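Peer 1: Just so we're aligned, residue 84 is where the sequence shown starts under the working numbering, counting upward by one.
These are calculated hints, taken from the structure and not from any lab test. Just so we're clear, the structure is a prediction, and the values are computed from it rather than from any experiment. Please note that a few of the clues may not be correct.
[Said to hold, decoys possible] If you anchor each label on the Cβ, the simulated ranges turn out as follows:
#: 1; residue 1: Thr-95; residue 2: Asn-138; range: 18 to 26 Å
#: 2; residue 1: Gly-125; residue 2: Ala-89; range: 34 to 42 Å
#: 3; residue 1: Gly-139; residue 2: Thr-100; range: 17 to 25 Å
#: 4; residue 1: Thr-100; residue 2: Pro-143; range: 28 to 36 Å
Glycine is no exception: its CB is placed at the ideal position from the N, C-alpha and C atoms.
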Amino acid sequence: IPSFSAGCAPVTVPGGTTTYIQANSSVPYSSGTSVFVMCNVGYTPQGSMSSLCQNGVWSPTLGKV
84 IPSFSAGCAP
94 VTVPGGTTTY
104 IQANSSVPYS
114 SGTSVFVMCN
124 VGYTPQGSMS
134 SLCQNGVWSP
144 TLGKV
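With the sequences and hints as input, model every part of the structure.
Peer 2: Take a look at the structure:
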């Protein structure tokens with residue numbers, strides 16, 4: 084019997100953009116997916132700018148822009 088890990092919610096970044104590397108192309112934001120944050124001009128990153136979906140949670144928590 085296959086088991087499926089919970090996916091993560093999409094990341095919204097006011098003042099920035101996100102890029103995802105999907106772990107499973109047929110299941111968006113599935114466990115194992117990476118997200119990278121880029122700040123728009125005039126914004127400065129604070130904290131982690133990349134994260135990995137693990138069992139429904141982005142880890143580490145993304146920083147602010």
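Peer 1: Is 28 to 36 Å respected by the C-beta to C-beta distance linking Thr-100 and Pro-143?
Peer 2: With a Cβ separation near 19 Å, Thr-100 and Pro-143 fall outside 28 to 36 Å, so the hint is violated.
Peer 1: Is it true that Thr-95 and Asn-138 lie within 18 to 26 Å of each other by Cβ?
Peer 2: holds (21 Å)
Peer 1: Taking 34 to 42 Å as the hint, is the beta-carbon distance of Gly-125 and Ala-89 inside that range?
Peer 2: holds (36 Å)
Peer 1: Check the following: the C-beta atoms of Gly-139 and Thr-100 are separated by a distance inside 17 to 25 Å.
Peer 2: holds (23 Å)
Hint compliance for this structure: hint 4 is the single one not met.
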